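If you want the building blocks of each chain, they are given just below.
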Amino acid sequence: DAKTTQPPSMDCAEGRAANLPCNHSTISGNEYVYWYRQIHSQGPQYIIHGLKNNETNEMASLIITEDRKSSTLILPHATLRDTAVYYCIVRAENTGNQFYFGTGTSLTVIP
Amino acid sequence: SAVISQKPSRDICQRGTSLTIQCQVDSQVTMMFWYRQQPGQSLTLIATANQGSEATYESGFVIDKFPISRPNLTFSTLTVSNMSPEDSSIYLCSVGGQGAYEQYFGPGTRLTVT
Chain A
142 DAKTTQPPSM
152 DCAEGRAANL
162 PCNHSTISGN
172 EYVYWYRQIH
182 SQGPQYIIHG
192 LKNNETNEMA
202 SLIITEDRKS
212 STLILPHATL
222 RDTAVYYCIV
232 RAENTGNQFY
242 FGTGTSLTVI
252 P
Chain B
1247 SAVISQKPSR
1257 DICQRGTSLT
1267 IQCQVDSQVT
1277 MMFWYRQQPG
1287 QSLTLIATAN
1297 QGSEATYESG
1307 FVIDKFPISR
1317 PNLTFSTLTV
1327 SNMSPEDSSI
1337 YLCSVGGQGA
1347 YEQYFGPGTR
1357 LTVT
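Those sequence lines, one after another, are chains A and B. Quick note, the first sequence lines up with residues 142 to 252 if you use our numbering. Quick note, the second sequence lines up with residues 1247 to 1360 if you use our numbering.
Extracted from the complex, chain A is given alone in its bound form (with noise of 0.2 angstroms):
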């Protein structure tokens, strides 16, 4: 599976969209990008995947390059419960289902 790297940290002010940028310059054709975000003391929580196209949810947008080699999450209006660890994965379709975090970005959403 294709290496991520993402800023250890970033700040956000409440209410503002919080877009946390990830690298993956290595990444396959048949690699998805996957978003997970692990709020403290709890296990890891499913945002948003993607292959090519934008992708939007209740949660979030993502943001793919045309290249791929880079892609950008989006939270619209974050709120202090948006602070979090956030998680970008490439990881082919077929790889039997394994995820390989790396370290991923620390957010923190500022009243």
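Calculated directly from the structure, the hints in this document are not laboratory data. Quantities reported herein were computed from a predicted structural model and do not represent experimental measurements. It cannot be assumed that every hint is accurate.
To be verified - Under 8 angstroms between C-beta atoms, here's a sample of chain A residues computed to sit facing chain B:
#1 C153
#2 Q183
#3 P185
#4 Y187
#5 P217
#6 Q239
#7 Y241
#8 F242
#9 G243
#10 T244
#11 G245
Note that the Cβ used here is the ideal one computed from N, Cα and C, for glycine as well.
Knowing the structure of chain A, use the given hints to seat chain B on it.
Same frame as chain A, now just chain B:
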């Protein structure tokens, strides 16, 4: 989505002893996984728990230290054997979701070895 429970939620154990952690899912699932999260660190995959056969371990993890059982499609156990303080971590169980896209994680078991 799947609802996952783990027992115990936390424990404090003495070095040299063993602890068995249970993972129960509210529906039958094909894939079950065990992860370790050391203090301040990210998650590390320990093994895939296979139903009806031996678990598949990741590099750096061995069956003698982390024996795993998977007797059916809703239950698995992970044993941390001959514990040392370096085994102090959160141990998480996860399962593969419908369509094998996302994984659902249990709440974790916080283990402290003294």
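Going through the earlier hints one by one, which of them does the structure break, listed in rising order? 1, 5
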